[in-house]
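**Q** Number 195 in the numbering used here belongs to position 193 of the sequence shown; there are no gaps in the numbering.
It is worth saying that the hints were derived from the structure and are not from the lab. It cannot be assumed that every hint is accurate.
In silico lysine-lysine, BS3-like type, Cα no more than 25 angstroms apart, as pairs [to be verified]:
(1) Lys297 x Lys339
(2) Lys339 x Lys310
(3) Lys288 x Lys192
(4) Lys310 x Lys192
(5) Lys188 x Lys297
(6) Lys297 x Lys192
What follows is a list of derived Cβ distance ranges for each label pair [unchecked claim]:
(7) Asp563 x Arg199: 31 to 37 angstroms
(8) Lys339 x Val289: 34 to 40 angstroms
(9) Met123 x Glu16: 25 to 31 angstroms
(10) Asp523 x Val178: 54 to 60 angstroms
(11) Asp563 x Tyr183: 38 to 44 angstroms
(12) Asp535 x Thr110: 36 to 42 angstroms
(13) Asp137 x Lys339: 51 to 57 angstroms
(14) Leu105 x Glu226: 48 to 54 angstroms
(15) Leu32 x Tyr183: 31 to 37 angstroms
(16) Pro77 x Arg199: 35 to 41 angstroms
These numbers were taken from a predicted model, which means no experiment stands behind them. All C-beta atoms, glycine included, are put in the ideal place defined by N, C-alpha and C.
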Amino acid sequence: MKLTGAQALIKSLEMEGTEVMFGLPGGAILPVYDPLIESSIRHILVRHEQGAGHMAEGYAHATGRPGVAMVTSGPAATNIVTPLADAYLDSIPLVVITGQVPLSVIGTDAFQECDTIGITMPVTKHNWLVTDPQDIPRIVREAFHVATTGRPGPVLIDFPKDIANQMMDWGWPELVDLPGYKPNLKGHPKQIKDAARLMSEAKRPVIYAGGGILKARAAEALLELAELTGIPVVTTLMARGAFPDRHELCLGMPGMHGNYTAITAIQRSDLLIALGSRFDDRVTGKVDGFAPDAKIIHVDIDPAELGKVRRPDVPIVGDCKNIIERLVKAVVADRAKHDWADISPWMETVRGWQRDFPLQYEQFEDGPLKPQFCIEAIRDHTPTDTIVASGVGQHQMWTSQHWRFDHPYTWVNSGGLGTMGFAIPAAIGAKVGRPDRTVWAIDGDGCFQMTAQELVTASSERIPIKVAILNNAYLGMVRQWQHLFYEERYSEVYLSPDLPDYVKWAEAMGCVAFRVDSPEDVVPTIEKANEIDDRPVVIDFRTDASENVYPMVPVGHSNDDVIVGPPAGEGSR
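Turn these sequences into a full structure, and let the hints guide you.
**A** Here it is in structure tokens:
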């Protein structure tokens with residue numbers, strides 16, 4: 003069968019099971035948009051290429067399947083670099099297709115030409131420049147394989163316009179042959195036994211669960227391991243939902259803005275069982291002061307992570323689900339041979355921290371509206387399996403702290419890159435992938451202004467996400483740092499609560515919109531939003547501009563220096 007390169011590309015995407023792609027056409031990719039008309043693939047027309055990438059990320063977060071985005075050359079390709087970098091740091095499987103000028107003019111500074119391969123090489127697992135239309139099926143097959151196996155991540159196919167118009171003989175490769183690319187999934191049996199032995203000896207153990215748990219679809223295996231051993235679990239920002247918050251062994255989130263119990267449990271532990279976590283600087287604080295008495299078991303699919311920050315006593319390279327399931331068997335076998343150390347005194351200590359240092363804020367009836375109160379109200383008036391996406395900043399930290407994550411794959415956020423503007427497009431992608439779920443985007447006013455135009459996409463495509471803007475009229479996290487570390491010298495962080503008018507802006511984009519100024523209006527407005535399911539809804543919550551995120555570990559400090567709450571007199575009441 004003879005096909006054009008463009009037809010072969012679309013057919014290859016169909017062969018990989020692509021149901022939806024997010025994109026924006028332009029000159030170099032235009033030939034590919036023609037056969038898309040007859041394709042079974044649903045195309046979501048975005049308003050900015052960055053939105054296409056973040057939507058694909060949200061889709062991948064929520065479904066576990068690779069997100070697909072397609073844009074044209076030049077500025078379109080550079081616009082999607084941010085989502086690629088975001089996906090690279092957070093291990094999100096993406097397949098991005100960019101148009102390119104014809105092969106014959108590459109290197110001549112042709113109109114809308116850029117070195118997409120060179121630009122994206124540092125932020126993709128791999129990228130391909132198609133030079134022969136006959137290679138298209140093989141390259142697409144390889145791209146999906148690389149994106150979804152081993153440590154997931156983004157890949158890119160750069161597609162010259164002349165290749166799209168040339169003819170090829172269709173054939174689908176049955177196998178993927180990539181010499182040198184063979185992720186180790188199984189781990190070493192001796193190391194798994196050694197891990198079980200260390201666990202048997204520990205008196206203050208903690209399971210340090212990272213985003214790799216979710217990427218490996220290992221949430222059930224993690225629950226089994228925790229319940230078998232009775233070892234408490236902390237879930238990093240990227241792992242929220244990997245272990246249910248309602249569970250008695252869940253300690254919540256560690257890190258710069260984690261809760262006191264999670265931070266201190268890690269710090270005082272004698273054994274850290276790190277599963278799919280990478281010892282990120284936001285978790286460790288000052289590295290040489292991090293968990294000083296703890297031995298380390300480190301499980302990760304990526305061998306580059308082992309020893310990168312903290313040298314493990316037992317390093318295990320492998321798929322988290324596979325390793326945890328085998329570790330469960332090793333634990334059962336080890337327990338049959340001898341008694342394990344008693345960790346009940348440790349658990350009593352942990353329970354004491356939970357009792358004495360809960361997350362705190364005060365919402366007064368006649369006082370300013372607290373962002374935490376808004377988040378908890380949304381949480382308590384939505385289904386327990388609601389998917390929540392966030393932007394980056396204070397609202398992200400408050401959401402990760404105050405939302406109750408009892409289901410995996412319900413938390414969509416930008417962790418490693420910290421991309422402002424992530425929430426709206428990512429929530430759209432998540433809703434496209436899981437149309438049966440309620441999807442809320444919790445955003446800040448600063449983040450919202452970066453990608454709000456994608457609500458036009460949501461309205462036109464009838465994608466009914468719900469958006470809560472925690473509008474404090476500031477770049478809140480920057481203001482907090484200036485408040486704490488720059489002697490309250492507030493430089494270029496004020497945004498104004500009324501410019502733009504968020505209600506009118508949202509309505510102009512086809513949304514239903516509300517404004518909330520007082521605590522008594524929070525729940526009734528959320529209930530109104532929940533009743534609307536045929537278009538996006540935006541709520542402008544006018545929140546306390548002086549509220550800061552606590553607990554907090556200052557940059558460069560040890561986790562022992564955690565600031566539990568605000569000093570007396572901070573904030574308005």
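**Q** With reference to the structure, classify each hint as holding or not holding.
**A** Here is what the structure says about each hint:
Our distance criterion of 25 angstroms between C-alpha atoms is met by Lys297 and Lys339, whose separation comes to about 22 angstroms. At most 25 angstroms may separate the alpha-carbon atoms for a hinted pair to count; Lys339 and Lys310 exceed this at roughly 34 angstroms. At most 25 angstroms may separate the alpha-carbon atoms for a hinted pair to count; Lys288 and Lys192 exceed this at roughly 32 angstroms. A threshold of 25 angstroms between alpha carbons decides the hint, and for Lys310 with Lys192 the separation of about 22 angstroms falls inside it, so the pair holds.
For a cut-off of 25 angstroms, the pair hint linking Lys188 to Lys297 stands: about 22 angstroms separates their Cα positions. The hinted pair formed by Lys297 and Lys192 meets the criterion: a straight-line CA distance of about 17 angstroms does not exceed 25 angstroms. Taken as a hint, the range 31 to 37 angstroms holds for the pair Asp563 and Arg199, whose Cβ atoms sit roughly 34 angstroms apart. Against the hinted window of 34 to 40 angstroms, the Cβ-Cβ separation of Lys339 and Val289 comes to about 36 angstroms, which satisfies the hint.
Met123 and Glu16 have their C-beta atoms about 28 angstroms apart, which keeps the hinted 25 to 31 angstroms range intact. About 56 angstroms separates the C-beta atoms of Asp523 and Val178, a value consistent with the hinted range of 54 to 60 angstroms. The given range of 38 to 44 angstroms is respected by Asp563 and Tyr183, whose C-beta atoms sit roughly 43 angstroms from each other. At about 52 angstroms, the CB distance of Asp535 to Thr110 disagrees with the hint of 36 to 42 angstroms.
Distance hint for Asp137 and Lys339: a CB-CB separation of about 55 angstroms, consistent with the stated range 51 to 57 angstroms. In this structure the hint that Leu105 and Glu226 lie 48 to 54 angstroms apart at CB holds, the actual value being about 53 angstroms. One distance hint, 31 to 37 angstroms for the beta-carbon pair Leu32 and Tyr183, holds here, with the actual separation near 33 angstroms. About 56 angstroms separates the C-beta atoms of Pro77 and Arg199, a value inconsistent with the hinted range of 35 to 41 angstroms.
In the structure shown, a violation is registered for the earlier hints numbered 2, 3, 12 and 16, in ascending order.
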